[in-house]
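Colleague: The primary structure of each chain is shown beneath.
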Amino acid sequence: MKGKFSSITRGFILRFVCVITTICALVVCLTFASHARAYEISGHKWSSSTIIVGAYGDVSGTYRTALQQAIDNYNQQTHVHLSIHNGGPIVAQVVYESHKDWAGLCERDGSQPPYRITWARTKMNTRWMTSGTSVAKKRLVWLHELGHALGLNHTNNASTVMYFNADYSSFNGVQYLTRDDINGINAQY
Amino acid sequence: MKKNIVVQAIAVTLSALICASLAGCGSAGANQKIAQPRIGISQSTSRFQFSRVKLYSSMKEMADDSSHIVAGIVTSQKVEEDVAAPGTHVTLSKFRIMDSLKGDKKAGEEITINQDGRDDPMIIKKNEVVLLFLHEMYTGDARDLPWKGQYSVAGVWAGIYSLSKVNEFTTLSTIESTSSNREKNEEEVNFSRFMISDSDQLPETVSLSEVREMK
Numbered sequence: 001m002k003g004k005f006s007s008i009t010r011g012f013i014l015r016f017v018c019v020i021t022t023i024c025a026l027v028v029c030l031t032f033a034s035h036a037r038a039y040e041i042s043g044h045k046w047s048s049s050t051i052i053v054g055a056y057g058d059v060s061g062t063y064r065t066a067l068q069q070a071i072d073n074y075n076q077q078t079h080v081h082l083s084i085h086n087g088g089p090i091v092a093q094v095v096y097e098s099h100k101d102w103a104g105l106c107e108r109d110g111s112q113p114p115y116r117i118t119w120a121r122t123k124m125n126t127r128w129m130t131s132g133t134s135v136a137k138k139r140l141v142w143l144h145e146l147g148h149a150l151g152l153n154h155t156n157n158a159s160t161v162m163y164f165n166a167d168y169s170s171f172n173g174v175q176y177l178t179r180d181d182i183n184g185i186n187a188q189y
Numbered sequence: 001m002k003k004n005i006v007v008q009a010i011a012v013t014l015s016a017l018i019c020a021s022l023a024g025c026g027s028a029g030a031n032q033k034i035a036q037p038r039i040g041i042s043q044s045t046s047r048f049q050f051s052r053v054k055l056y057s058s059m060k061e062m063a064d065d066s067s068h069i070v071a072g073i074v075t076s077q078k079v080e081e082d083v084a085a086p087g088t089h090v091t092l093s094k095f096r097i098m099d100s101l102k103g104d105k106k107a108g109e110e111i112t113i114n115q116d117g118r119d120d121p122m123i124i125k126k127n128e129v130v131l132l133f134l135h136e137m138y139t140g141d142a143r144d145l146p147w148k149g150q151y152s153v154a155g156v157w158a159g160i161y162s163l164s165k166v167n168e169f170t171t172l173s174t175i176e177s178t179s180s181n182r183e184k185n186e187e188e189v190n191f192s193r194f195m196i197s198d199s200d201q202l203p204e205t206v207s208l209s210e211v212r213e214m215k
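From first to last, the protein sequence lines are chains A and B.
Read left to right, the first sequence gives residues 1 to 189 (UniProt numbering).
Read left to right, the second sequence gives residues 1 to 215 (UniProt numbering).
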């Protein structure tokens, strides 16, 4: 009788532990899954994944090198294909903008139905991104602005290109598009 | 006798007219048409996305970073081509200061706010009453000369707070027109975050007196 009871109890405890373990595993999986995706899609995209970037103004020297490296990174890691030619619908400019608190900005259309982006303008501010700023940092800002031009919004994850501030991303070791940034682009194109 | 009555009547009428016009001037601020406050706008509604050079971990940090902190009203605005980047535009807003919390500007003075773009939710609008944390764009560097007399918003959008309640504009008008009870009145005028973003650790609402204490 005693042996039967302890067998039933043992069985119940085992089942209970199994259920609890399964629930915990599910919670952990869901937590990781929600953390895994940081990218934010604006809902606007280009009708084609092949897009031309026109460089205007003083996009020369290290600014040009950084822009080319950013474009190469997109071409190698994502489904989009970017190339530099004058007259492209994505404009890249290097400008001096006095005391404005941005290192780069992007303006894009596509906020109205059918939510297709037909043009975007990106700028890099030489007040903060001086000739002495490293190519790596400039590349990070171009990667960020091109990400906006392609339809990504900011993320809250400082270990991605699309975080609000390039210094934080750089501090966290971000140099090129991260898996999350790539997933964000490839989810659209 | 009849002539005296006429003269007296004219004098009384003139006096009444003068008094009425003076009273009108005195309450001009309170009766001014103001726009409905815009609070908690999502950054994703803007066509513009920025890679910020600085993120603020507190209101104190933003206040320390600002050359000027002012509350007031947008009186007019115009769109111009950006002198730095032909083909792009900036919106220049004339802003009448009603309370100056930091910097060399005084209530009643007008300054120009320079914001990138046009026709965008991120840009302050005519008749909006806002609290602004600003940078003076001309820093003495010759390259900054085209922006002399203009101010940019600290943290692009972070430094804009909208008047929390329309009826607090009356108290703000009192602050502008008189220096008495300033501290008490500043406690009663509250501003709320214009644009919501996780990028900065800023309070949702602040009173003018709280901001004054931070500087």
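Read the hints as simulated data drawn from the structure, not as lab findings.
Beta carbons: idealized from backbone N, C-alpha and C, even for Gly.
Certain hints may be false.
[Said to hold, decoys possible] Ranges between beta-carbon positions, derived for each pair:
#, chain 1, residue 1, chain 2, residue 2, range
1, A, His85, B, Asp65, 38 to 44 Å
2, B, Lys94, A, Asn156, 33 to 39 Å
3, B, Pro203, A, Phe12, 40 to 46 Å
4, A, Gly87, B, Gly108, 45 to 51 Å
5, A, Ser83, B, Thr112, 39 to 45 Å
6, B, Asp120, A, Ile52, 23 to 29 Å
7, B, Glu187, A, Ala136, 46 to 52 Å
8, B, Thr112, A, Ser111, 24 to 30 Å
Colleague: If a hint holds in the structure, say so; if it doesn't, say that too.
Modeller: Results for each hint:
Distance hint check for His85/A and Asp65/B: the Cβ-Cβ separation is about 40 Å, which falls inside the suggested range of 38 to 44 Å. The hinted window of 33 to 39 Å between Lys94/B and Asn156/A holds, with their beta carbons roughly 36 Å apart. Against the hinted window of 40 to 46 Å, the Cβ-Cβ separation of Pro203/B and Phe12/A comes to about 52 Å, which falls outside the hint. Checking the proposed 45 to 51 Å range against Gly87/A and Gly108/B shows it holds: the Cβ atoms sit about 50 Å from each other.
Between Ser83/A and Thr112/B the beta carbon distance is about 40 Å. The supplied range of 39 to 45 Å therefore holds. Between Asp120/B and Ile52/A the CB atoms are about 25 Å apart, so this pair conforms to the stated range of 23 to 29 Å. At about 49 Å, the CB distance of Glu187/B to Ala136/A agrees with the hint of 46 to 52 Å. Range check, Thr112/B to Ser111/A: about 28 Å between beta-carbon atoms, so the 24 to 30 Å window is met.
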